[in-house]
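Protein sequence lines, in the order shown, are assigned to chains H, B and E.
Numbering-wise, the first sequence is residues 79 to 456 according to this note's numbering.
Numbering-wise, the second sequence is residues 64 to 387 according to this note's numbering.
Numbering-wise, the third sequence is residues 241 to 617 according to this note's numbering.
These are computed hints drawn from the structure, not numbers from a lab.
All C-beta atoms in this analysis are idealised placements derived from N, C-alpha and C, irrespective of residue type, glycine included.
No false leads were slipped in.
Derived lysine to aspartate or glutamate pairs resembling EDC-like cross-links, with alpha carbons at most 16 Å apart: (1) E:251 / E:447; (2) H:453 / B:150; (3) H:453 / B:128; (4) B:284 / B:81; (5) H:125 / H:257; (6) B:284 / B:131; (7) E:558 / H:123; (8) B:158 / H:288; (9) E:251 / E:465; (10) B:284 / B:94; (11) H:125 / H:156; (12) E:494 / E:418.
Anything over 12 Å on all C-beta distances counts as not near chain H; from chain E, calculated: (13) 325; (14) 487; (15) 594; (16) 606; (17) 609.
Under 10 Å between C-beta atoms, here's a sample of chain H residues computed to sit facing chain E: (18) 105; (19) 119; (20) 126; (21) 213; (22) 251; (23) 257; (24) 269; (25) 289; (26) 382; (27) 404.
Each chain, written out:
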Amino acid sequence: MSPRRLFAMMYKEALQILRDPRSLAIALVMPLMQMGLLGYGVSLDIKHVPICVYDQENSQLTRSIVSRFDAAGWFSIDRRLHSQAGVRHAIDAGECIAAVVIPVDFSRTLASTGAASIQAVFDATDVNTSNIAQGYLQGIVAGVNAEIETRWSAAHGVRASGVGRIDLQPGTWFNETLDSRNFIIPGVVAVILALIGAQLTSLTVSREWERGTMEQLISTPVTALEVMLGKLIPYFVVGMIDAAVCLALTVFWFDVPFRGNLLTLFAATALFSLVVLGIGYMISVRIRSQLAASQIALLVTLLPTTLLSGYTFPIDQMPRVIQAITLIVYPRYYVTILRGIFLKASTLFDLWQPLLGLVVFAILIVWLASRAFHKRLD
Amino acid sequence: MSAPPPGTGSADDAVIAEGLTKRFGAFTAVDRVTLRIARGEVMGFIGPNGAGKSTTIRMLCGLVEPSEGRASVAGFDVGSQSQAVREHIGYMSQKFSLYGDLTVRENLRFFAGIYRVPAGEFAGRMRYAVSMAGLEGQENTRVATLAGGWKQRLALGCAILHHPPVLFLDEPTSGVEPEARRRFWDLIHDLAANGVTTLVSTHYMEEAEYCNRIALIDRGKLIASGSPGELRQRGLGGVLYELECSPLGAALEALRGVPGILEAAIFGDRLHVVADSGAAGTADLTGLLRGRGVAVGSIRPALPTLEDVFVHLVARGLETRAVG
Amino acid sequence: MFGRVGVMLVKELLQLRRDRTAMMRLIIPLVVQMLMFGYAATFTVHHVPTTVLDLDRSAPSRGLVSHFVASGRFDVVDEAQSQSQLQSDIDHNVAVVGIVIHAGFARDLGSGKTAPLQVVVDGTNSNTALIALGYVNQIVAQFSAEEVAALARQAAGAARAPSGVTLQVVPWFNPGLEDTWFFIPGIIGSLTLMQVVSLTAFAIVREREVGTLEQILVSPIRSVEFILGKTVPFFLIGLADIALVCAIGILWFKVPFIGDPAVLLAGSALFLLAVVGMGLLLSTYSHTQQQAFALNFFFVNPFFILSGFAFPIAAMPKVLQWFTLINPLRYFLIVIRAVFLKGVGFSVLWPDLAAMAALALVMLAVSVSRFRASMSS
Chain H
79 MSPRRLFAMM YKEALQILRD PRSLAIALVM PLMQMGLLGY GVSLDIKHVP ICVYDQENSQ
139 LTRSIVSRFD AAGWFSIDRR LHSQAGVRHA IDAGECIAAV VIPVDFSRTL ASTGAASIQA
199 VFDATDVNTS NIAQGYLQGI VAGVNAEIET RWSAAHGVRA SGVGRIDLQP GTWFNETLDS
259 RNFIIPGVVA VILALIGAQL TSLTVSREWE RGTMEQLIST PVTALEVMLG KLIPYFVVGM
319 IDAAVCLALT VFWFDVPFRG NLLTLFAATA LFSLVVLGIG YMISVRIRSQ LAASQIALLV
379 TLLPTTLLSG YTFPIDQMPR VIQAITLIVY PRYYVTILRG IFLKASTLFD LWQPLLGLVV
439 FAILIVWLAS RAFHKRLD
Chain B
64 MSAPPPGTGS ADDAVIAEGL TKRFGAFTAV DRVTLRIARG EVMGFIGPNG AGKSTTIRML
124 CGLVEPSEGR ASVAGFDVGS QSQAVREHIG YMSQKFSLYG DLTVRENLRF FAGIYRVPAG
184 EFAGRMRYAV SMAGLEGQEN TRVATLAGGW KQRLALGCAI LHHPPVLFLD EPTSGVEPEA
244 RRRFWDLIHD LAANGVTTLV STHYMEEAEY CNRIALIDRG KLIASGSPGE LRQRGLGGVL
304 YELECSPLGA ALEALRGVPG ILEAAIFGDR LHVVADSGAA GTADLTGLLR GRGVAVGSIR
364 PALPTLEDVF VHLVARGLET RAVG
Chain E
241 MFGRVGVMLV KELLQLRRDR TAMMRLIIPL VVQMLMFGYA ATFTVHHVPT TVLDLDRSAP
301 SRGLVSHFVA SGRFDVVDEA QSQSQLQSDI DHNVAVVGIV IHAGFARDLG SGKTAPLQVV
361 VDGTNSNTAL IALGYVNQIV AQFSAEEVAA LARQAAGAAR APSGVTLQVV PWFNPGLEDT
421 WFFIPGIIGS LTLMQVVSLT AFAIVREREV GTLEQILVSP IRSVEFILGK TVPFFLIGLA
481 DIALVCAIGI LWFKVPFIGD PAVLLAGSAL FLLAVVGMGL LLSTYSHTQQ QAFALNFFFV
541 NPFFILSGFA FPIAAMPKVL QWFTLINPLR YFLIVIRAVF LKGVGFSVLW PDLAAMAALA
601 LVMLAVSVSR FRASMSS
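Okay, chain H solo, but in the shape it has when bound (with noise of 0.2 Å):
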């Protein structure tokens, strides 16, 4: 490898980077437009659920339960309903997520067998956010009943038996607040740096086939690593600036704590950006297509990423067959480093397992894509 040479081939390729301010221009806002939106757009918490009510009896009791489910601050009350065929209507148009029904008979049921039931029904679509919902309104339901209890209790002036309880004390570590964004925005930045580290890489190769400056380029003494480290040092630097700015929005911006070491999250950083490039440049190099370079590279990052890499559902959840595939997602690897600084503190050597999973997919790629480059027309 001829030092001279490799310079040149990166002082050329950072040349045409700079030449083309559009190209550069979204390679530079995009994380940032892309932090703004994903950052603010991927979360879990649903803070105001849409519901119905509908209050059969509508009493003083069933008024204060209902205004219970307003207090608590999960729920939005959009509607009152006033019939089974309004909450129908109502679950079908998809206007609330749930309908809570109180028969007409409430108060006198409790009064007399000291129970009674509440319906709620469920738009059950959205398995996730029914569930979330669902664990709200038992929540309310508990405060309920914790009040009956006492108040019963009070009224015979006795514990409700004579036997001790559960004092259940839950507790989060890492995440206390169980906030989604804590979890997803370190995911996001994974995601966005590998959509944008393919996509600057990925027509490098293809675009110098196109405009025919592939075959003089070939008919020079330069080699196949030359040209690749040539085209890749200077994507390798715009793609850390991307992370850069990602990774502070993170921080300042978005409020995640970060507890782990700066120089680990340096290290996985430059191997991951390593490893997208790099894959990047492979797809060019094998596809001389653009159309089609880009196509594959769009296949193999964006789903994947955001489906596989454990970013947004959690890996030790899936079928076994597609956990082994997860293997092969180099983002997963990433996103559990990124997640563990971020939120454990771990060390480098808590890491290693993921770190060691980004060395070999870096080494396998660069061998591969110093391979896979031929000086050849044919």
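For chain H, the structure is supplied; the task is to place chains B and E on it using the hints.
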């Protein structure tokens, strides 16, 4: 005459190709091409589009792997020493292939870096390349905005920055206006004068005249080679006569089947006749025609154009192919 | 006009057929992704790796642990001997949940005192943590009801307390709470969006870059004809995509399809028009394929994420909720889920269909006029 006589070159010829063949599936693009180019020679590669010129040049540069045969360039084997070959050649592809988004200077600097032109020499060589291309004052212009002729000359400038002993130019003048083409050839001759060996392909017949030697290629086969003069002399396999006579039809009829007459064809208001050299003098022809009642105005030997020769050879190639 | 559109169409289809890898690129990834993501996309929480620190080692404490295991939601992966071991398990991702039963648990329960039960959750994945905590609550409540009731029966003389209000949960449309049913229609829409936008965006830029656009533009073809000829193939590919992935969803993943296929067809057609319009619009803003590619990435990802595909629109800030109003995928997901699972028809879905039609109209009109402008310049 389907292959040039072998053994005319010497061992230190700049380009040696032996039986170069390239097949793409069932299609044979280049069929056992054997040729030698001596140092400092300008060899023209003439043939219609699709004849196999580009593929041959690409095989010689190491861009395409030959299906059969071997070649050496500047003393290095194309197959096993492709890196060394690339150090010693300059190549200009058919399609314009510099970076349109870089300036003249940046393109030159890039290729200087790739060819590891010594830093101390770069300034001088760049000045030479720029002045050769006639681009003084335009060093900071983006190449995409240059006109065709300048682009070609700049591409040549990039290809010779590292002073390669051998140059491969694949249709460097296609789509360039005549004046610019003329200047381009002057450049090539200047280089040849400095000992650079050049293989240049073209489909402009008149450009063949500028070469020291030409090789005619058709449908992948080398059908003739030699200097333009030689080819004109021998290419038809006989002597060309131009006859003014009437009626032309009767004259054509009269010459058909006469021993020693190889070809006869109406050419405008005249008759072109190719006779076996020595077999038929002008006197014989006149007598023959007069005997058939044809009035003969004038008859004189003519020098064929290269185009005549090429058409003749291609036609003959077709005949023998049809027979065989 | 139809003659020339026809000629363009034939040319496009020919180019597609010549491109031997195109068919492979179009169909195989679609099927593979559908299968993989159909299985991968789930928020269901089961077999959560759990570590137990049982310092009581009594019948009730063992009974509680077996309640956890029997639920199928928790797998005991480690029986920790100390608090620090439990902590290390969670630190190193061995376990997500840690249960600590303190010494004296059984004694406290029997003697009418409050018995603390400590449960620690790794909150890194807040969603899993939240759901797992919900299950912990349920299991503990159930255990209390059974065990405490048994103990209460032994303790004579206690007055019978009211059992209070029960929440009777009625899940409609998806009684088994299968989240595959939710995600599969979403994946169908997302895959189609990605494929069709990128195909369309590239089609015109490619002609521009290769230089054939100029050749076509000097012919008497009108811009509308050109655009129609260019986009109808992608529209057809999109319809075929939707049909293919729907078939996989229904036949392979067994997602019920209780609605009217005609509603789905209408929704798909409007959705594809909007998506093709989006692709065209992107292509009018790109000069090179690299730019088209970057723009494509730039827009497709937010449109995909901000569609309600996995993240509820209700959970987004208001500004982003407004942004989703220009996202055709948002409406299509509502339509396709409603047709698959709810079986509702035009009377309920007309606002969403109308929104897609409006989006399609605007995007196509803008891109035709932009294209016309670029032709005259």
